[in-house]
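Turn these sequences into a full structure, and let the hints steer you where they fit.
Chains Y and Z supply the protein sequences, listed in that same order. Under our numbering, read the first sequence as residues 346 to 613, first letter to last. Under our numbering, read the second sequence as residues 307 to 609, first letter to last.
Hints in this document: simulated from the structure, not taken from any laboratory. Just so we're clear, the structure is a prediction, and the values are computed from it rather than from any experiment. Here a beta-carbon is modelled for each residue, glycine too, at the ideal position from N, C-alpha and C. Be a bit skeptical, because a hint or two may be false.
Claimed, not checked - Between beta-carbon pairs, the in silico distance windows are:
#1 Y:Gln586 with Z:Thr332: 56 to 62 Å
#2 Y:Trp554 with Z:Ser385: 18 to 24 Å
#3 Y:Met346 with Z:Glu374: 20 to 26 Å
#4 Y:Ile533 with Z:Glu560: 54 to 60 Å
#5 Z:Tyr322 with Y:Trp560: 57 to 63 Å
#6 Z:Ser434 with Y:Ser479: 35 to 41 Å
What the hints assert, rightly or not - Derived coverage of chain Y by chain Z (criterion: at least 3 residues anywhere in the stretch with Cβ under 8 Å from a Cβ of chain Z; other residues may be distant):
#7 348-355
#8 397-407
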Amino acid sequence: MIHVFRAEWRKLRRPTLFAGSLGAVIGVTGLVTSLLFLLIDSQSGNAERGERITREILELSSGLSIGFSNSAGLLGLVALCVFAAQTAQEYTYGTLRNLLVRQPRRIQLLIGKYLSMVTFALTTVVVSAITSISVAFALSGRAKVSTSAWTTSDARSALIHTFINVLISTIGYGTVGMILGLLLRSPISSISIGIGWLLVVESIIAIAWKPSSKWMPGQLLSIVSSGGTPIGMSDALSYSQALIRVSIYLIAASIFVGLLFRKRDVSN
Amino acid sequence: MSQDQAINVVGLTKDYNGLRALDHATFEVPVGTICGFVGPNGSGKTTTIRMLLGLIEPSDGSGHVLGEPISHPERYLHSVGALIEGPAFYPALTGEENLRVLATLGGFPHSRIKMLLDVVGLGDRGGSKYKNYSLGMKQRLGIAAALLPEPRLLVLDEPTNGLDPAGIQEIRDLLEKLAKSGVTIFVSSHLLSEIEMISEYLVILQKGKVIFFGKTEDLLHRTKPTITAIPRDNNDLSKLYELAVKAGHDARIEGDELHIDADEEWGAELNNLAFQSGIILKQITPVRPTLEETFFAMTEEKE
Numbered sequence: 346m347i348h349v350f351r352a353e354w355r356k357l358r359r360p361t362l363f364a365g366s367l368g369a370v371i372g373v374t375g376l377v378t379s380l381l382f383l384l385i386d387s388q389s390g391n392a393e394r395g396e397r398i399t400r401e402i403l404e405l406s407s408g409l410s411i412g413f414s415n416s417a418g419l420l421g422l423v424a425l426c427v428f429a430a431q432t433a434q435e436y437t438y439g440t441l442r443n444l445l446v447r448q449p450r451r452i453q454l455l456i457g458k459y460l461s462m463v464t465f466a467l468t469t470v471v472v473s474a475i476t477s478i479s480v481a482f483a484l485s486g487r488a489k490v491s492t493s494a495w496t497t498s499d500a501r502s503a504l505i506h507t508f509i510n511v512l513i514s515t516i517g518y519g520t521v522g523m524i525l526g527l528l529l530r531s532p533i534s535s536i537s538i539g540i541g542w543l544l545v546v547e548s549i550i551a552i553a554w555k556p557s558s559k560w561m562p563g564q565l566l567s568i569v570s571s572g573g574t575p576i577g578m579s580d581a582l583s584y585s586q587a588l589i590r591v592s593i594y595l596i597a598a599s600i601f602v603g604l605l606f607r608k609r610d611v612s613n
Numbered sequence: 307m308s309q310d311q312a313i314n315v316v317g318l319t320k321d322y323n324g325l326r327a328l329d330h331a332t333f334e335v336p337v338g339t340i341c342g343f344v345g346p347n348g349s350g351k352t353t354t355i356r357m358l359l360g361l362i363e364p365s366d367g368s369g370h371v372l373g374e375p376i377s378h379p380e381r382y383l384h385s386v387g388a389l390i391e392g393p394a395f396y397p398a399l400t401g402e403e404n405l406r407v408l409a410t411l412g413g414f415p416h417s418r419i420k421m422l423l424d425v426v427g428l429g430d431r432g433g434s435k436y437k438n439y440s441l442g443m444k445q446r447l448g449i450a451a452a453l454l455p456e457p458r459l460l461v462l463d464e465p466t467n468g469l470d471p472a473g474i475q476e477i478r479d480l481l482e483k484l485a486k487s488g489v490t491i492f493v494s495s496h497l498l499s500e501i502e503m504i505s506e507y508l509v510i511l512q513k514g515k516v517i518f519f520g521k522t523e524d525l526l527h528r529t530k531p532t533i534t535a536i537p538r539d540n541n542d543l544s545k546l547y548e549l550a551v552k553a554g555h556d557a558r559i560e561g562d563e564l565h566i567d568a569d570e571e572w573g574a575e576l577n578n579l580a581f582q583s584g585i586i587l588k589q590i591t592p593v594r595p596t597l598e599e600t601f602f603a604m605t606e607e608k609e
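Structure representation (structure tokens):
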């Protein structure tokens, strides 16, 4: 499996993908965190969904992690795109047959590939965290936000919790991408259907029928990434309930596509 | 199965949605030979190759590759190199990086990559992106990838596609060299003249059925040889025709030539008979049927 892992990383580290993804992560995390501080006094809000996060909230020990936590959705989308594209392109390029000739144990191939992409997702989350923290410290003076609570052990603990939650959520989105890639065997279809469902369809369903947000995978991943109560979802599920539900979905879907991949003829 | 067979399949069958792509194929390929795998488009060649490589599962029948069952490709694929239905690589990576991906995946030494790029004539283009390669270069990279594991069996599906005549000659020489070193080569091609030149063994498919497997020379000997004779005086053609028929051979006149179904040994007898009858022959040529002629004769026969 280590051979599959290393081979996959040879593809993941190509400059257009690696630098492009990290560039997008740095850019958008920087933007999300910057807006949090630059629009702190704006009446139209400084966070997602027009919410207002006040100076008092940012000055808490958990304030350092808010920008990073708010970037989780973007990290999830990057992961979804990378996992889906890296999986489905093996079909569109016809390279899957080469991979299977060199590694005929299909489940090992799949797990090795998944683990390499998980470490890629981990890299994006680390880069996002570093970017968000740096921007937060850099803009705190201008926004007149006191940082004294940000260097306490409570702040470190909050940051670690946020990091773990964002990482779980990012891997969750990536897993959705890989599942779609294996099912649809086309990067464009996998990415467009994945993003369309998570961003558009789930939101429409949630507006039309509010309890659906407790069952939809994208909504559940949002609850996980925010540690339990995302902004604008005051009646959401608890963190553990959301984590259990989304884990059940992803594990069941992964087993299904894993079995499908193991049995399916490779004829393209 | 015997240890001297690199490939052995018995009753191999594949159905796709009710359509039979391969119908109880049975053949074997001896170790150390170059075996041509020929058949019209859609005859089941690629389906067979995919089953041998564990990419698709047979609907029925069994097979062994290098002594191991095809239901366990992990037991033999580390000794098999393959180019299936044309080269397929990552366009954004260079040729060399593409080989590194496969070498890493298969656990093969990366030190072979440079040497293999030189062997297939891509030594100076290994650093170029695959998407910028010509069709011939892509094909060469595919062959280099197939050679990565130092294979005991090389399975090549149309390896000379897109190559110019010089490239085809190079690949032919390479395959002959590999065969001399003991590598078994199972090669499909629509260029029957190429296959005839390099293959000592043949498997012929038509409409999913194996219609021949065995030595190439055995197949070529199956088809009757002919003698083409041209008399100096065109008026002697019918007289010559009568001589051939009287001697018990089928013959036909085409233009100023007489074609006689007979072994080349009978050419001397014909010459003698013509001389005795006062006919002077301008030309007398024994004609062996080519693989292409034999192939078309066989496939038409089986229609």
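Tested hints:
no., hint, verdict
1, Y:Gln586 with Z:Thr332: 56 to 62 Å, "holds, 59 Å"
2, Y:Trp554 with Z:Ser385: 18 to 24 Å, "violated, 58 Å"
3, Y:Met346 with Z:Glu374: 20 to 26 Å, "holds, 22 Å"
4, Y:Ile533 with Z:Glu560: 54 to 60 Å, "holds, 58 Å"
5, Z:Tyr322 with Y:Trp560: 57 to 63 Å, "violated, 38 Å"
6, Z:Ser434 with Y:Ser479: 35 to 41 Å, "holds, 39 Å"
7, 348-355, "holds (count 5)"
8, 397-407, "violated (count 0)"
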